[in-house]
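Please take these sequences and the hints and turn them into a complete structure.
Okay, here's what each chain looks like letter by letter:
Number of protein chains: 2
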Amino acid sequence: MNARNSLFLLFAILLSVTVHADEPPQKYAIVIHGGAGKSPSSEEWKRGRENVLNVALETGVKLLRSEKSSLDTVEAVVRILEDSPYFNAGKGAVFNAAGAHELDSTMMDGRDRSTGAVGGVSTVKNPVSLARRVMTDTRHVLLVTSGAEAFADGYADDSMIERVPNSYFSTDHQKQGLERVQKQQRQAEADSMGTVGCVALDVHGNLAAATSTGGLTNKKYGRIGDSPIAGAGTFADNKTCGVSCTGIGEDFIRNAVAYDVSARMAYRNDSLDTAVRDILNGKEQTVRGGIIAISHTGEIVMRFNTEGMARAAADSTGRREVHVSE
Amino acid sequence: MNARNSLFLLFAILLSVTVHADEPPQKYAIVIHGGAGKSPSSEEWKRGRENVLNVALETGVKLLRSEKSSLDTVEAVVRILEDSPYFNAGKGAVFNAAGAHELDSTMMDGRDRSTGAVGGVSTVKNPVSLARRVMTDTRHVLLVTSGAEAFADGYADDSMIERVPNSYFSTDHQKQGLERVQKQQRQAEADSMGTVGCVALDVHGNLAAATSTGGLTNKKYGRIGDSPIAGAGTFADNKTCGVSCTGIGEDFIRNAVAYDVSARMAYRNDSLDTAVRDILNGKEQTVRGGIIAISHTGEIVMRFNTEGMARAAADSTGRREVHVSE
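Chains A and B, in that order, are what the protein sequence lines are.
By the numbering used here, the letter at position 65 of the first sequence is numbered 65, and the numbering carries on one by one without gaps.
By the numbering used here, the letter at position 161 of the second sequence is numbered 161, and the numbering carries on one by one without gaps.
Any given hint might turn out to be false.
As the list claims (entries may be wrong) - In silico DSS-like links for lysine-lysine, alpha-carbon gap of 30 Å or less:
{"#": "1", "chain 1": "A", "residue 1": "K62", "chain 2": "A", "residue 2": "K125"}
{"#": "2", "chain 1": "A", "residue 1": "K283", "chain 2": "B", "residue 2": "K62"}
{"#": "3", "chain 1": "B", "residue 1": "K27", "chain 2": "A", "residue 2": "K283"}
{"#": "4", "chain 1": "B", "residue 1": "K125", "chain 2": "B", "residue 2": "K62"}
{"#": "5", "chain 1": "A", "residue 1": "K175", "chain 2": "A", "residue 2": "K125"}
{"#": "6", "chain 1": "B", "residue 1": "K27", "chain 2": "B", "residue 2": "K38"}
{"#": "7", "chain 1": "A", "residue 1": "K27", "chain 2": "A", "residue 2": "K62"}
{"#": "8", "chain 1": "B", "residue 1": "K27", "chain 2": "B", "residue 2": "K239"}
{"#": "9", "chain 1": "B", "residue 1": "K27", "chain 2": "A", "residue 2": "K220"}
{"#": "10", "chain 1": "B", "residue 1": "K175", "chain 2": "B", "residue 2": "K46"}
{"#": "11", "chain 1": "B", "residue 1": "K91", "chain 2": "B", "residue 2": "K68"}
{"#": "12", "chain 1": "A", "residue 1": "K27", "chain 2": "B", "residue 2": "K175"}
{"#": "13", "chain 1": "A", "residue 1": "K220", "chain 2": "B", "residue 2": "K91"}
{"#": "14", "chain 1": "A", "residue 1": "K239", "chain 2": "B", "residue 2": "K27"}
{"#": "15", "chain 1": "A", "residue 1": "K175", "chain 2": "A", "residue 2": "K38"}
{"#": "16", "chain 1": "B", "residue 1": "K62", "chain 2": "B", "residue 2": "K27"}
{"#": "17", "chain 1": "A", "residue 1": "K125", "chain 2": "B", "residue 2": "K220"}
{"#": "18", "chain 1": "A", "residue 1": "K220", "chain 2": "B", "residue 2": "K125"}
{"#": "19", "chain 1": "B", "residue 1": "K283", "chain 2": "A", "residue 2": "K239"}
Since the hints were made in silico from the structure, they are not lab data.
Structure representation (structure tokens):
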């Protein structure tokens, strides 16, 4: 090897090292909410929620860093929140007017807008996983109540579709909530606090979103909110953004809020933050609650017009934050 | 009276006459669909549908000309279509996989986007009227299955909320449809043919829209399509348009189609016709079916990408048309 060739080799090695060092880590982003509304007043609840959000965020980041899909990530994260009694989804769901629990959940795949949802299920431990089965295994997008239960019966051997008695979802906290609401004969403002959702952008550039909830305390049997409705409470499209909402579900349905975030980006080039902010500050339509979203470029937005929103976010630039109230 | 005053009076009278003669008749518009899909092959079905569409259109025009609200109009029109065995809504609804009928309906008010819907109801003769009660009498927008039935129980004295046995909805035509689909073990293409909907603009400038359906033949118990979901199958906003959709409900949910028509008008100034055409010709998202709509200025659009769509339209300029197929 002559001097010139040696120099060239050295240069090539240096260039390779430099390129490698400069290469950003593969881009990913995750954002989680645990419901908008009144902030929890007790220290125990604040700590409880904070701990679960930390575990959920860590799990999500780990999956995304190991190149898992955004779909697997949002499902795993929402399952953790569903299993926690500190959120109004799965274990810890609110009581309806009949003193029972009915759960709603949706999942959406940003690659092709495929989506699945279940509404009013009562024995499925993790509704988000049943929503995913509706998305992948049926030509439907929304199955409700006993029909959704019958669909779940087909997954007796699927460890992700565990069945539980309805009483599994009960907690003293939510029982007291029902008694309080029934005594006051009016809906408490903090109703929707505790719906959970997650949006993720994976290293493959795919967005996914999922939402899960027990709905409103003292809700009428058979009431479906925005959480199981793609376009209302959940939306994902790789060309624009992934979105999960929480709040007064009726506001989110009549204004197709989750889809509206995407439409504002697609049709008038709003930034994700502008789209979300304008919807929550709406002069013409009232939308009460919070919205989390990630754009196709990895921008994270978490906004709410209620007193507080439990939320967490992380991305490949090193951002990492958890908030349980304001 | 001197000459000058006489002249002034004459001028005033002439002006008044002229203004009155030039004043356009109070503007109204109505559009109706009876489902997109394959066109009916028998002459009896063509005539049957044509007759009902004519009656429905006449009724709607009469109500609008007598200054009734668009809400009253779309309700009255959809009730006529629900009562006819020639459409897949109310009497004549398709059979589900369990051999029974589950009906979905939504109504939406363009003044303030208030909306109500019922999904999977089985004993309410006219689901569109129950949807209206959800809109006006509850803080919810969507009640399903036994919850919606329990809600209907509260209207025992309301002649608009008549109850019937589930077998009332059965027809030989749809029974044969179920047998055909079950034998073929696959969904017939003509599934959605027969969903009904109506959009009206009243002389007060208010838009309203309503949709009603029996869903898909052989559908899984508990499957909810786009018809009871505001934003998916039905939308109305006085600032943009009123919309009712028919077709593969899953396509309309995942793409928030009814809201998307309004969003394209609001955010990038598409005309109503351009918005509807681009959605049905979508290069990226597939939406299979038909859309009827009226803009806030009274423009009527009826488009479909299926073989045919039963439809009718009329307005204050004298337009009046009824089509049962292509």
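For this session: Return the numbers of the hints above that this structure violates; sort them in rising order.
Result: As far as the earlier hints go, 2, 6, 9, 12, 14 are violated by this structure, in ascending order.
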